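Participant: One letter stands for each residue in the lines below.
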Amino acid sequence: MYRYDDLDRQMLTDRSNEFRLQAERRLSGDITEDQFKPLRLMNGLYLQLHAYMLRIAIPYGTLNTAQLRRLAWVASTYDKGYGHFTTRTNLQLHWIKLRDAPDILDSLAEVGLHAIQTSGNCIRNVTADPYAGATADEIDDPRVWAEVIRQWSTVHPEFSYLPRKFKIAVTAAEKDRAAIRSYDIGLHVRRTREGELSFEVLVGGGQGRTPYLAKTIREHLPAGRLLSYLDAILRVYNRQSRRDNIHKQRIKILVATLGVEEFTRRVEAEWALNDGADIDLPDTELARIRANFRPLAFEPQPAKSQAFEAAKAADAEFARFTRRNVHAHKVPGQTPGDATSEQMQVIADLADAYSQGEVRVNYTQNLVLPHVKLADVPAVYARLKEAGLATANIDLITDIIACPGLDYCTLANARAIPVAQAIARRFADPERAEAIGELPIKISGCINACGHHHLGAIGILGVDKKGEEYYQLSLGGSGGDDASLASILGPAVSANQTPDAIEALVETYLVHRQEGERFLDTVRRTGLQPFKEAVYVDAH
Amino acid sequence: MKVLTANSLETGEALFWNKGQWAVRFADGERFEGDEAAAPVLAQAEGQPTAVVAPYLIDVEEVEGHWVPIAFRERLRALGPSNHRQHGKQADGDADVEALVAATFVARSAGRVKLIKR
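Here the protein sequences come in this chain order: D and R. Under the numbering used here, the first residue of the first sequence carries the number 1, and numbering increases by one thereafter. Under the numbering used here, the first residue of the second sequence carries the number 1, and numbering increases by one thereafter.
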């Protein structure tokens, strides 16, 4: 993975020192809250319901074990011993004090972590396929390109005050595990017929109150021209987006307003004008960055492991774990896979012992050990089970995405975590959950959609009705290759009614599903009507 | 009735105005008859930028002998996160907290009568 050089380290130290002075000036009254707020937000520090929240960037979701251990230490020392991995592969700490924040940033900087550009109208943390460098279905390592974009966009003077926040995701695999169509810019690494690396460039995706899926504006951008093309897109957006209405300032609104053809024409015209030679990355620099991601050395492994097969035969729970939570590695015989500080330490220990010291954060809020030998999976499973981290439920109904919601967030209208917990309890029987099959539920506590409810096979949106929590249900969303936005089922239901409503939806699916259909497939085939009838008495 | 609240600048913790001081417990918050009665103390709080951030008034009501915020958000602010009941102000677990918890989750369990079959 990428190693910070002296320049990177000096920049983090300088930034941390700068924030210490800013915080001191605020605490002493030398600057007002209005003056300080944008400065703290540029360093990921929000004021929420119970305390300050610090959002720490995890670039393209990749952590080494020293970084994960430091996050665990910070959570234990300055917070209440836990952190929340987000759908943007960041880590949020929800009990931070302003007076501690500079010390925390110093501590993070020591291991190459920071909170820069985790807030504000700038280019945010770049995300990528969590199986990057480990999966057989990728044609390049997307982390190389995510790192290129991170370096280009960090404190970029022209793009630090965009009309709104701006998010970029990269995948290089056939299967989209990064939800790139829900991003301001989604980049899909492909190869041309001639075998050259190129990008399919998708623009204008986003969730929030006006969800859109990104549209392709270029099928094959030569890989070496990436930065000048991104520059052209950002310039068109920066100059031509509205700035008079916060709800209409994301690039998705500009693309939708102009139409994708006109938007594309303007980007291409801008690209023809900009100085690509000055903006695009020199080959030597790309090679330097790429060298950080060179393939790891793996001992040759048999494609089958006797120990692995024996453990599966002996333990039904472990067998379920391997069916749901283990993904084939590109090297045969290897397999990729709200945490407390102790759990983070366990994961770091396991990564050191079994996964080449690497951990990934997935946008589905799961952690991945990307390089585990098949023969080691039983030992990894045993340790995960001890730590309460071995639930065999990836992509099942209990593998729920939830934002922090009203339990913490000052923007939220309703809680999300307790709803997820109630649904998880309702479907706790692992055999039943596996029989139901793939059914991603995604819960947001407000219309900002941090919980990706627009992309849930079942999406749940918390709303406030006269001070009480209600939940609007949507069906048919997907963030994958078959990306689609969920459709609202009907009137919102109360918190206590929500698990019953989910149960009714699942029962309806089981009645109507045909051979091999996932919940999503059945909804797409039947439409919403049978599901409405199951949930609402007065639908007609 | 109204209560004046803000967040501590230094810690971010929710605070409640009580006769010129900032109290940590909601139950210790001073109550005012309405916006007009609370206006002078709101102005006073706004003049303390190195102590608190963004002071504002919240609506409160009496439920079975205990005062509670009307808005669900403010009830959670006065208690702490419902997924970690050992964290935040609710950790004290006294009678005022219990009353607030009871009132809060009565509100949560309300809903559209007979909307759902089961």
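Be careful, since some hints might not be right.
[What the hints assert, rightly or not] Listed next, the in silico DSBU-like pairs over lysine-lysine satisfying Cα-Cα at most 35 angstroms (straight line):
id, chain 1, residue 1, chain 2, residue 2
1, D, Lys-248, R, Lys-19
2, R, Lys-19, D, Lys-466
3, R, Lys-19, D, Lys-385
4, D, Lys-248, D, Lys-167
[Stated by the list, open to error] Here are the computed distance ranges between Cβ atoms for each label pair:
id, chain 1, residue 1, chain 2, residue 2, range
5, D, Val-511, R, Glu-30, 43 to 49 angstroms
6, D, Val-463, R, Gln-48, 48 to 54 angstroms
7, D, Arg-288, R, Ala-54, 55 to 61 angstroms
8, D, Glu-434, R, Ala-54, 27 to 33 angstroms
9, R, Ala-54, D, Val-463, 23 to 29 angstroms
10, D, Asn-17, R, Asp-59, 39 to 45 angstroms
11, D, Thr-257, R, Ala-54, 53 to 59 angstroms
12, R, Ala-51, D, Arg-425, 39 to 45 angstroms
Hint data in this document are derived by calculation from the structure and do not stem from the laboratory. Just so you know, these numbers come straight off a predicted model, no measurement behind them. Just so it is clear, CB atoms sit at the ideal spot from N, CA and C, and this is done for glycine as well.
Participant: Now, for every hint given, state plainly whether the structure supports it.
Facilitator: Hints, one by one, checked against the model:
This hinted pair does not check out: Lys-248(D) and Lys-19(R) have alpha carbons roughly 44 angstroms apart, beyond 35 angstroms. Taking the CA atoms of Lys-19(R) and Lys-466(D), the gap is about 30 angstroms. The hint holds against a cut of 35 angstroms. Between Lys-19(R) and Lys-385(D) the alpha-carbon distance is near 53 angstroms, which puts this suggested pair outside the 35 angstroms criterion. A C-alpha spacing of about 16 angstroms is found between Lys-248(D) and Lys-167(D), which places the hinted pair at or below 35 angstroms, so the restraint holds.
In this structure, Val-511(D) and Glu-30(R) break the distance hint of 43 to 49 angstroms, their C-beta atoms being roughly 58 angstroms apart. With their beta carbons about 35 angstroms apart, Val-463(D) and Gln-48(R) fall outside the hinted range of 48 to 54 angstroms. A hinted range of 55 to 61 angstroms for the beta carbons of Arg-288(D) and Ala-54(R) is inconsistent with their spacing of about 46 angstroms. Checked against the given bound of 27 to 33 angstroms, the beta carbons of Glu-434(D) and Ala-54(R), roughly 48 angstroms apart, lie outside it.
The beta-carbon spacing between Ala-54(R) and Val-463(D), approximately 24 angstroms, falls within the hinted interval of 23 to 29 angstroms. Against the hinted window of 39 to 45 angstroms, the Cβ-Cβ separation of Asn-17(D) and Asp-59(R) comes to about 44 angstroms, which satisfies the hint. In this structure, Thr-257(D) and Ala-54(R) break the distance hint of 53 to 59 angstroms, their C-beta atoms being roughly 34 angstroms apart. As the Cβ distance of Ala-51(R) to Arg-425(D) is approximately 42 angstroms, the hint placing it in 39 to 45 angstroms holds.
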